[in-house]
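Asks: If you read the sequence shown in this note's numbering, its first letter stands for residue 1, the second for the next number, and so on.
Hint data in this document are derived by calculation from the structure and do not stem from the laboratory.
None of the values given here were measured: they were computed from a predicted structure.
Hints may be right or wrong, so weigh each one.
[Stated by the list, open to error] In the DSS-like style, the derived pairs of lysine-lysine whose C-alpha atoms are separated by at most 27 Å in a straight line are:
(1) Lys129 with Lys30
(2) Lys158 with Lys102
(3) Lys129 with Lys102
(4) Lys88 with Lys102
(5) Lys165 with Lys57
(6) Lys30 with Lys88
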Amino acid sequence: MSDQIEERADGESPDPDGRASQAEIDRRLKDIGYVLEDHNAHLVRLAHQRGTALFQKAFEGYGVTPTQVAVLATLLRYGDLPQNRIGKITAIDTATLSPLLKRLETLGLTQRVVSEQDQRVNLIQLTPKGFEFTFEVLPISQAVSDELLAPLNQRDRKRFIELLKKIAR
Numbered sequence: 001m002s003d004q005i006e007e008r009a010d011g012e013s014p015d016p017d018g019r020a021s022q023a024e025i026d027r028r029l030k031d032i033g034y035v036l037e038d039h040n041a042h043l044v045r046l047a048h049q050r051g052t053a054l055f056q057k058a059f060e061g062y063g064v065t066p067t068q069v070a071v072l073a074t075l076l077r078y079g080d081l082p083q084n085r086i087g088k089i090t091a092i093d094t095a096t097l098s099p100l101l102k103r104l105e106t107l108g109l110t111q112r113v114v115s116e117q118d119q120r121v122n123l124i125q126l127t128p129k130g131f132e133f134t135f136e137v138l139p140i141s142q143a144v145s146d147e148l149l150a151p152l153n154q155r156d157r158k159r160f161i162e163l164l165k166k167i168a169r
């Protein structure tokens, strides 16, 4: 941005404090093509906020977060896994995953076991309580997903998920 704001092409002078007029701001925003309400990152954030709010309401009293449910679902699907593999599958960084796994262990939903193939490797596995709990909460999680996508018909839902996968990878 230029340090010198002089007479503008539209004939407007800058404010005495050096700020552009609203007309200049509007013109420049139009030139850029920026509209917050149509910005994809803003819309993704709003959708995430809505999804989080729906999840929190549906899971009130369960004491788990969406990220914890993702880890439980991953262990259910893939079986016993080392922590780094869980992180890769779920896209959760180590700094977040370590305390999350400790919390799941404290809740009695997971436990650490030594790998039979490599005694140096600890695996995270669901406990019997963890299996039962995960099967109980996954339908609730799916209902939250369905509610979030309720404004879309089935064809649009499928396409939306396909597009999100392209963006997320």
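Asks: Taking the hints in turn, state whether each one holds.
Replies: Hints, verified against the model:
1. Lys129 with Lys30: At roughly 57 Å apart (the allowed maximum being 27 Å), Lys30 and Lys129 break the hint.
2. Lys158 with Lys102: violated (35 Å)
3. Lys129 with Lys102: Holds. Lys129 to Lys102 sits at ~16 Å (cutoff 27 Å).
4. Lys88 with Lys102: Answer holds: Lys88 to Lys102 is near 18 Å, not above 27 Å.
5. Lys165 with Lys57: holds (26 Å)
6. Lys30 with Lys88: At roughly 41 Å apart (the allowed maximum being 27 Å), Lys88 and Lys30 break the hint.
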